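Q: The lines below spell out each chain.
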Amino acid sequence: MSREGRMDTVDLGMPAVRPQHASPSSHLRGTRGFPAAARDALGDEVLRGNLTYATATIQAKRASVVREMRDWQKLRDAGSALKWHVTDHLPELLEQLEASVTAAGGTVHWARDAEEAGEIVTRLTLERGAQDVLKVKSMATQEIGLNETLAHAGVRVIESDLAELIVQLAGDAPSHILVPAIHRNRAQIREIFLQAMPDIDPEITDDPAALAGAARRFLRERFLDMEQSVAISGANFAVADTGTLVVVESEGNGRMCLTLPRTLISVVGIEKIVPSFQDLEVFLQLLPRSSTGERMNPYTTLFTGVAEGDGPQEFHLVLLDNGRSAVLEDPEGRSALHCIRCSACLNVCPVYQRTGGHAYGSTYPGPIGAILSPQMTGVSDPEDPNATLPYASSLCGACYDVCPVKIDIPSILVHLRAKEVDQRREARGQFRGTWDVAMKGAGRLMSSPRAYDAAVRSAGPLSRVLPGENIGRLPGVLPLVPGWTDHRDLPHPGQSFRSWWAAREKHSAATDQQPGARDEPEQPKAPRSGSGTDRTAQNGGEA
Amino acid sequence: MSTWDDRRPARTPGMSAKEEILARVRTALAAPRRDDVTTYADVPRAYQRADDKQETGTDPGKVRDVLVQRLEDYTTVVHRTTEPAAAAAIAQALDGAGSVVVPRGIPGEWTQGLDAQLLTDDGTLSAHQLDEVDAVLTGCHTAIALTGTLVLRGDELCGRRAITLVPDRHVVVVRAEQVVLGVPKGIERMGEDPGAPWTMISGPSATSDIELDRVEGVHGPRRLEVVLIEPEQPAGDEPSTKEKQG
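Protein chains in written order, with this note's numbering: chain A, 1 to 543; chain B, 1 to 246.
Looking at chain A on its own, in the form it has when it is part of the complex (with noise of 0.2 angstroms):
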């Protein structure tokens, strides 16, 4: 119904305006791809102790705060359902939003891309001749580069997350969306400290509790001084029919920023909007839980344009396109922006686990990053790092049963990895590739019988002329197995099922008049299952 709507709006005789991708300034791609930066972060062993304990620990925070919600796959469904109304009908929703928000005071700023938001926020904070500004975490201001722009401008830019203090004051990139410097452990973070604060007692001592009241003791001096200056932060949900901005934190941080400062300036994705105030009761369940396994996270404030006498006198709100129009072309894809970066994902998602944020090279890591990132980016050609994301991952599943808003993220995975094939075919002609020449020399192979047992009794005696164990990486120029075995040690492929099943019924027939004594040929090295009463399928399994 209100896709005719939209059909109109289109048609009214403008010329047609194409979704955009992001930035190429955006952090959304990393300078590699996902294996090879994905190969070094497996070498870091910091890295992989911190990101075993980290994510087995929230996972099961996580997990005993959602049983206790009788009503938690009734939540998703809402929260589902509330994403696609938001995702169907966002251009309405949009000019709602902007109309409640420049009711109660606020001022509505449109970017298309990362430059246009860095212009704006940058614009904004000279006029007001501010040098130092705070900054509360968020991932919208991480992907568009802001600190740098900031930067560039001359303006200092604090990070008032602790996690994101370390990480700035390290010089260090996130590599979590809810823990950002999960990848530091707690004499790193000493030592951070101890080189970039000016008044930190030399003798603090690496416990978590000592770190934080020195980040604490760090950053009130600025809180305090700065009721003439200007705060940035991002937002979790946009309200359309009330125009309330809702910030989910732990710390305080977020309050301190929300509060104090006399200009506040929210970047938020397009994205981000939730019809109803009232919706908030679907979403300020499923987040908290979802996320960092509270019932519900220390502060939630909600704030409406400007409040007199209270908070900031002068609010901004930058609504940020940069390639989330682009994500919403694919109808298969476009679920990827109900994300609400809770970060369940990431904790569950056996990938992550071993690799940690960093290989992804976007600010989106993890299964949700996959899906995101080289959507928002756009993948142009085969080489782009980007076009690695969508495999990295095994399609387990894990990902989607987490979701509090129940993105598919396998299928969406598939959907991209079907499309980044589709593209490399494209750009390299029908059967160039080594996987495109492998495919057909095996259909033809599986066509015919006949050749087809050949080649796989010839396999086992003529893989014991290689060394070893097991087959360790072959030459590429093998086509049968282009890649394979780059990651992978293949056993040595024993008795092919064929000549199994022949043996098999030669003994079986030998054999018939004595059944109690029924002897196997050759156990293959099948992992038994059950009490072994059904035969076939324990025997079926590895030949």
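Hints in this document: simulated from the structure, not taken from any laboratory. Here the structure is a predicted model, which means the values were calculated and not measured. A couple of the hints might just be wrong.
Calculated pairs, DSSO-like style, for lysine-lysine (alpha carbon to alpha carbon, straight line, at most 27 angstroms) [unchecked claim]:
1) K62/B with K61/A
2) K53/B with K74/A
3) K62/B with K74/A
4) K406/A with K61/A
5) K74/A with K61/A
6) K440/A with K419/A
7) K74/A with K419/A
8) K419/A with K406/A
Here are some chain B residues the structure puts well away from chain A; computed CB gaps all over 12 angstroms [said to hold, decoys possible]:
9) V77
10) R80
11) T81
12) G96
13) P204
Restraint-style ranges between C-beta atoms, simulated for each label pair [as the list claims (entries may be wrong)]:
14) D168/B with G49/A: 51 to 61 angstroms
15) D168/B with V46/A: 31 to 41 angstroms
16) D122/B with L194/A: 35 to 45 angstroms
17) T205/A with P44/B: 48 to 58 angstroms
18) G49/A with H128/B: 34 to 44 angstroms
19) A63/A with K62/B: 22 to 32 angstroms
For each residue, glycine too, the CB sits at the ideal point set by N, CA and C.
Starting from the known structure of chain A, arrange chain B on it as the hints suggest.
A: Frame of chain A; chain B shown alone:
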């Protein structure tokens, strides 16, 4: 070498950013999705809403027990009291504080006999001045039992947001009629005045940013105490019931 890194997003000349973003989105959404477009009425609301019978039918005393248990779960000190004993309980919660800031609208009885310098906020105290104050005493708009959440509205009873943020100790007085069971009922109450500044507090300020070790008291008040004023009842129902949440 590759083409992937030099394509800048195009902008249409003569179009404002707003027009262009909306046009981009409309073009993008013109590609139909497989399922039906979701209208607001389609959203399934089978979860427990504000009118759920658990919300409306649970004994208020039990709901308060859940609240107390959840608050204590994150180490908040709870003083359960009754109207006549409220001032004494508040004084106990504020014990040791030399100066206390209060919003304009709190009942006078709350601070009767309080042995501390009382500052009634007139909106002029600066952040630095608030930093010198030992504690803040406020009322509350709504308390959500299942999540242990205290909801403050920027009004005469809860004060402007800065006064509950900068001082290091926060004492919140909760009245029985402000306690609800679940988040939907809480949001419904907040929705009566959605434009006000709202702060939802669930436990003291905390971080787990260093090796996931929970550290309490980062930027907000490091001590949170709750005075719960309950109706006078003959029974001494002190222990919290093991209410299973839904």
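Q: Does each hint fit the structure? Answer for all of them.
A: Results of checking the hints against the structure:
1. K62/B with K61/A: Judged against 27 angstroms, a Cα distance of about 26 angstroms means the pair holds.
2. K53/B with K74/A: Holds: K53/B and K74/A sit about 16 angstroms apart, inside 27 angstroms.
3. K62/B with K74/A: 25 angstroms, holds
4. K406/A with K61/A: Holds, at about 20 angstroms.
5. K74/A with K61/A: Between K74/A and K61/A the Cα gap is close to 20 angstroms, so the pair holds against 27 angstroms.
6. K440/A with K419/A: The hint holds at about 20 angstroms.
7. K74/A with K419/A: With Cα atoms ~33 angstroms apart, K74/A and K419/A exceed 27 angstroms; violated.
8. K419/A with K406/A: 22 angstroms, holds
9. V77: 16 angstroms, holds
10. R80: At about 21 angstroms from chain A, R80/B clears the 12 angstroms cut-off, so the statement holds.
11. T81: 24 angstroms, holds
12. G96: 20 angstroms, holds
13. P204: P204/B is in fact no farther than 12 angstroms from some Cβ atom of chain A, at 7 angstroms.
14. D168/B with G49/A: 51 to 61 angstroms: Given a distance of about 35 angstroms, which is not inside 51 to 61 angstroms, the answer is violated.
15. D168/B with V46/A: 31 to 41 angstroms: 35 angstroms, holds
16. D122/B with L194/A: 35 to 45 angstroms: 43 angstroms, holds
17. T205/A with P44/B: 48 to 58 angstroms: 52 angstroms, holds
18. G49/A with H128/B: 34 to 44 angstroms: Holds - the Cβ-Cβ distance for G49/A and H128/B, about 43 angstroms, lies within 34 to 44 angstroms.
19. A63/A with K62/B: 22 to 32 angstroms: Hint holds: Cβ distance 26 angstroms, inside 22 to 32 angstroms.
Of the numbered hints stated above, those contradicted by the structure are hints 7, 13 and 14, listed in ascending order.
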